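Asker: Letter by letter, the chains look like this.
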Amino acid sequence: MQNEKVITAKELTKRFGDFTAVDKITFDVEKGEIFGFLGANGAGKTTAMRMLCGLLLPTSGLATVAGFDVYKKNEQIKKNIGYMSQKFSLYEDLTIAENIRFYAGIYGLSDERIKEKTGSLIKQLHLEGQEKTLVKALPLGWKQKLAFSIAIVHEPAIVFLDEPTGGVDPVTRREFWGLIYEASAGGITIFVTTHYMDEAEYCNRVSVMVDGRIDALDTPANLMKDFSAKSMDEVFLQLARKAVRTGD
Amino acid sequence: MKQFLIFVKKEWLHIWRDRRTLFILIWMPVVQIILYGFALTNEVKNSNIAIFDQSKDEATTTISDEIAASRYFNLVKNVYSYDDIGGTFRQGKIRMAIVFPRNFRYDLLHGNRAQIQLIADASDPNTANTLTNYASAIINDYQQSVNQNEALPYTIKTQVRMLYNPELKGAYSFVPGVMALVLMLVCAMMTSIAIVKEKEMGTMEVILVSPLKPFRIIIAKTIPYLLVSLLNIASILLLSVYVLDVPIVGSLTLLMAESTLFTITSLSIGILISNTAKTQQTAMFMALMSLFLPTLLFSGFLFPIENMPIPLQVISNIVPSKWYYIIVKNIMIKGLGFEAVWKETMILVAMTAALLGISIYKFKIRLA
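Sequences listed follow chains A and B, in order. 79 is the number that the numbering used here gives to position 79 of the first sequence; each next residue is one higher, with no gaps. 242 is the number that the numbering used here gives to position 242 of the second sequence; each next residue is one higher, with no gaps.
Hints in this document: simulated from the structure, not taken from any laboratory. No experiment lies behind these values; they were computed from the predicted model shown. A virtual CB, placed ideally from N, CA and C, is assigned to each residue, including glycine. Treat the hints with care, as some may be off.
As the list claims (entries may be wrong) - Here are the simulated lysine to any residue pairs, SDA-like style, with alpha carbons at most 20 Å apart: (1) A:Lys31 / A:Lys132; (2) B:Lys213 / A:Ser110; (3) B:Lys199 / A:Gly17; (4) B:Lys213 / A:Leu56; (5) A:Lys136 / B:Leu13; (6) B:Lys169 / B:Tyr134; (7) A:Lys72 / A:Lys87; (8) A:Lys87 / B:Lys77; (9) A:Lys87 / B:Glu66; (10) A:Lys115 / B:Ile318; (11) B:Lys45 / B:Asp245; (12) A:Lys115 / B:Leu5; (13) B:Lys2 / A:Asp28; (14) A:Lys225 / A:Arg245; (15) B:Lys77 / B:Glu66; (16) A:Lys225 / A:Ala240; (17) B:Lys77 / B:Val99; (18) A:Lys79 / B:Ile207; (19) A:Lys10 / A:Leu56; (20) B:Lys2 / A:Thr118; (21) B:Lys199 / B:Asp18; (22) A:Lys117 / A:Phe176; (23) B:Lys45 / B:Glu66; (24) A:Lys87 / B:Glu200; (25) B:Lys197 / A:Gln76; (26) A:Lys79 / B:Thr203; (27) B:Lys213 / A:Thr118; (28) B:Lys197 / A:Thr95; (29) B:Lys199 / A:Gln86; (30) B:Lys45 / B:Lys199; (31) B:Lys199 / A:Ser110; (32) A:Lys24 / A:Glu75; (33) A:Lys136 / B:His14; (34) A:Lys136 / B:Arg17.
What the hints assert, rightly or not - Across the chosen pairs, the derived CB separations fall in these ranges: (35) B:Ala234 / A:Lys123: 39 to 47 Å; (36) A:Lys79 / B:Ile315: 26 to 34 Å; (37) A:Phe19 / B:Ile315: 52 to 60 Å; (38) B:Gln281 / A:Arg241: 37 to 45 Å; (39) A:Leu57 / B:Arg216: 18 to 26 Å; (40) A:Asn41 / B:Gln281: 22 to 30 Å.
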């Protein structure tokens with residue numbers, strides 16, 4: 001693995017009034033890595049991710065994404081990242097092709113490039129002949145896979161996935177992770193939050209957030225060794241029990 | 001710029017896919033115009049009346065015929081006693097009764113003095129007033145025809161000329177009113193809903209992460225609605241000219257320019273609402289409460305502002321539709337030029353600038 005760092009965070013903090021959502025988190029993510037961002041509901045994962053995406057301004061601390069400072073180079077960051085939100089984020093009343101066209105278009109891809117991308121994406125997802133299907137007619141699993149493919153349609157350096165597999169069945173989840181590995185092999189860094197501990201084991205490295213802090217950060221194998229646990233599930237439970245905050 | 005156009009196209013697809021809403025957007029003004037034009041009119045026509053004629057002479061017959069023949073009245077019953085009149089009123093069959101006393105013609109010709117009693121149902125005071133006025137006018141006409149040959153020593157005759165709207169058609173005042181209403185509804189309500197919908201769906205977040213500038217997103221979302229409202233204006237104007245016979249006396253260009261200005265005012269209100277509202281329902285409710293009702297009440301097209309208590313008159317000044325209504329009336333009905341509406345135009349421009357300023361400011365804060 002190369003040692004190029006695509007995300008760096010140093011004592012990154014976000015406060016909303018008296019409430020410290022993210023408390024001095026420090027970590028790096030290397031290029032091409034699949035970085036798991038774990039934590040119970042309300043632990044501050046989404047807030048941290050939003051700061052990195054340029055949706056929220058940090059209260060203090062430092063962070064760079066794709067080499068750009070989150071305070072000043074907000075616009076540059078946006079050009080270099082993809083984002084898939086917790087909620088399903090495609091337009092249900094648009095067709096598959098129209099969704100691809102729209103998202104590729106707002107990232108400034110040329111018409112030929114969009115056409116090419118649409119073709120390869122449809123093929124990759126085995127959706128041939130369904131270009132003109134409205135997205136709302138697709139099953140949830142397909143929608144999530146499509147949403148992911150669209151989130152990386154402009155070939156960003158990093159893609160942020162906010163609980164991408166919520167509510168998806170195990171088989172589709174596995175297929176989804178297949179797509180993630182493919183993207184990662186193509187050089188895209190994956191930053192993913194999840195609730196599913198089996199998914200955590202798919203990641204190269206994971207961090208576990210408790211009450212806004214990062215309480216553990218290592219490869220899944222090392223974490224299991226350190227916590228003398230048989231699975232990531234146990235690691236997570238040991239850490240999450242310390243939480244003072246209750247979930248949202 | 002290309003990204004911007006792609007966004008506008010996407011927005012257009014949303015409207016296009018939602019045929020039901022599009023249908024409503026396009027037909028709502030048409031239905032409103034037709035409703036106000038033919039059904040909900042404040043003119044009084046074909047009111048049912050009864051006549052109690054105790055004289056049955058040439059004079060009472062002539063007057064009765066004149067009244068029955070006029071388009072304002074519809075003679076439904078001849079009654080033969082006061083009790084009968086009371087009964088018919090109570091049954092709700094008539095709005096007015098006319099009573100001729102005994103020996104009407106004789107008194108008129110020989111006693112120089114004859115009386116007719118008009119009894120009207122004043123549970124609806126405006127209609128009662130209008131009906132008695134119409135009836136009195138017909139009776140006066142008859143009196144004049146009787147007196148025609150005799151020169152009265154001193155007479156004052158009033159000559160009435162109804163400027164701008166000689167036939168006193170209600171359409172002259174509600175066409176501008178409906179224009180204000182429709183523009184408010186389409187622009188402000190639909191844009192606020194469209195923006196809030198993206199927030200609700202979670203797509204707004206994804207768009208905000210993209211390199212698109214937030215303000216461009218907002219503008220792109222408003223453009224299709226701007227086009228729909230211009231289409232609405234065109235259909236309202238066509239209907240009013242060709243179906244309701246309300247002419248556009250002034251400059252069409254000026255009218256369209258002012259309408260575009262008001263559209264932008266409404267759009268900025270819509271953006272402002274979308275900044276605060278979290279769900280589509282809230283947005284719709286806010287739009288209805290803050291736009292629809294004030295437009296109905298305070299634009300002056302249903303209720304004269306001059307008759308309101310001073311505090312309400314003051315409040316009416318902050319309702320943009322009031323100014324637009326005045327502008328449209330002046331241009332369309334009175335045929336006045338820009339020199340007659342520049343003050344109102346400046347007020348609208350100032351309101352728009354303020355509203356847009358506030359919404360841009362609030363939008364930036366939300367993203368920080």
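Asker: For each hint, tell me whether it holds in the structure or not.
Answerer: How the hints compare with the structure:
For the given pair, Lys31 (chain A) sits about 36 Å from Lys132 (chain A) by alpha-carbon distance, which is inconsistent with the 20 Å threshold. At roughly 19 Å between alpha-carbon atoms, Lys213 (chain B) and Ser110 (chain A) fall within 20 Å of each other, so this suggested pair holds. Restraint check for Lys199 (chain B) and Gly17 (chain A): not satisfied, since their Cα atoms lie roughly 23 Å apart, outside the 20 Å limit. Pair hint Lys213 (chain B) plus Leu56 (chain A) holds up; C-alpha atoms about 15 Å apart against a cutoff of 20 Å.
For the given pair, Lys136 (chain A) sits about 15 Å from Leu13 (chain B) by alpha-carbon distance, which is consistent with the 20 Å threshold. Restraint check for Lys169 (chain B) and Tyr134 (chain B): the C-alpha separation of about 16 Å stays at or below 20 Å, so the hint holds. Our distance criterion of 20 Å between C-alpha atoms is broken by Lys72 (chain A) and Lys87 (chain A), whose separation comes to about 28 Å. As the CA atoms of Lys87 (chain A) and Lys77 (chain B) are separated by approximately 70 Å, the hinted pair breaks the 20 Å bound.
The suggested pairing of Lys87 (chain A) with Glu66 (chain B) is violated, with an alpha-carbon distance near 73 Å, which exceeds 20 Å. Distance check on the hinted pair: Lys115 (chain A) and Ile318 (chain B) sit about 51 Å apart at the alpha-carbon level, beyond 20 Å; violated. About 18 Å separates the Cα atoms of Lys45 (chain B) and Asp245 (chain B), which keeps this hinted pair within 20 Å; it holds. With a C-alpha separation of about 17 Å, the suggested pairing of Lys115 (chain A) with Leu5 (chain B) holds against the 20 Å cut-off.
Simply put, Lys2 (chain B) and Asp28 (chain A) have alpha-carbon atoms about 36 Å apart, too far for the 20 Å limit, and the pair is violated. Only pairs whose Cα atoms come within 20 Å are accepted, and Lys225 (chain A) paired with Arg245 (chain A) is rejected, the gap being roughly 27 Å. Of the supplied pair hints, the one linking Lys77 (chain B) and Glu66 (chain B) holds, its CA atoms being roughly 15 Å apart against a limit of 20 Å. For the hint pairing Lys225 (chain A) with Ala240 (chain A), the CA-to-CA distance comes to about 17 Å; that is within 20 Å, so the pair holds.
Among the hinted pairs, Lys77 (chain B) with Val99 (chain B) is consistent with the structure: their alpha-carbon atoms are about 12 Å apart, no more than 20 Å. About 12 Å separates the Cα atoms of Lys79 (chain A) and Ile207 (chain B), which keeps this hinted pair within 20 Å; it holds. The straight-line distance between the Cα atoms of Lys10 (chain A) and Leu56 (chain A) is roughly 16 Å, inside the 20 Å bound, and the hint therefore holds. Distance hint between Lys2 (chain B) and Thr118 (chain A) is fulfilled; the C-alpha atoms sit about 18 Å from each other, no more than 20 Å.
Under the criterion of a C-alpha separation no larger than 20 Å, the hint pairing Lys199 (chain B) with Asp18 (chain B) is consistent with the structure, at around 18 Å. For the proposed pair Lys117 (chain A) and Phe176 (chain A), the alpha carbon gap of about 19 Å is at most 20 Å, so the pair holds. The straight-line distance between the Cα atoms of Lys45 (chain B) and Glu66 (chain B) is roughly 15 Å, inside the 20 Å bound, and the hint therefore holds. Only pairs whose Cα atoms come within 20 Å are accepted, and Lys87 (chain A) paired with Glu200 (chain B) is accepted, the gap being roughly 9 Å.
Of the supplied pair hints, the one linking Lys197 (chain B) and Gln76 (chain A) is violated, its CA atoms being roughly 28 Å apart against a limit of 20 Å. A distance of roughly 17 Å separates the Cα atoms of Lys79 (chain A) and Thr203 (chain B); the hinted pair therefore holds under the 20 Å criterion. Taking the CA atoms of Lys213 (chain B) and Thr118 (chain A), the gap is about 25 Å. The hint is violated against a cut of 20 Å. Restraint check for Lys197 (chain B) and Thr95 (chain A): the C-alpha separation of about 18 Å stays at or below 20 Å, so the hint holds.
Taking the CA atoms of Lys199 (chain B) and Gln86 (chain A), the gap is about 13 Å. The hint holds against a cut of 20 Å. Between Lys45 (chain B) and Lys199 (chain B), the direct Cα distance comes to roughly 51 Å. Violation of the 20 Å bound is thereby established for this hinted pair. Under the criterion of a C-alpha separation no larger than 20 Å, the hint pairing Lys199 (chain B) with Ser110 (chain A) is inconsistent with the structure, at around 28 Å. The straight-line distance between the Cα atoms of Lys24 (chain A) and Glu75 (chain A) is roughly 24 Å, outside the 20 Å bound, and the hint therefore fails.
Between Lys136 (chain A) and His14 (chain B), the direct Cα distance comes to roughly 13 Å. Compliance with the 20 Å bound is thereby established for this hinted pair. The hinted pair formed by Lys136 (chain A) and Arg17 (chain B) meets the criterion: a straight-line CA distance of about 12 Å does not exceed 20 Å. Separated by about 46 Å at the C-beta atoms, Ala234 (chain B) and Lys123 (chain A) satisfy the suggested range of 39 to 47 Å. Under the hint 26 to 34 Å, the C-beta atoms of Lys79 (chain A) and Ile315 (chain B), about 48 Å apart, miss the expected range.
Against the hinted window of 52 to 60 Å, the Cβ-Cβ separation of Phe19 (chain A) and Ile315 (chain B) comes to about 40 Å, which falls outside the hint. A hinted range of 37 to 45 Å for the beta carbons of Gln281 (chain B) and Arg241 (chain A) is consistent with their spacing of about 40 Å. A C-beta distance of roughly 20 Å is found between Leu57 (chain A) and Arg216 (chain B), which places it inside the suggested range of 18 to 26 Å. Checked against the hint of 22 to 30 Å, the pair Asn41 (chain A) and Gln281 (chain B) passes, with Cβ atoms roughly 26 Å apart.
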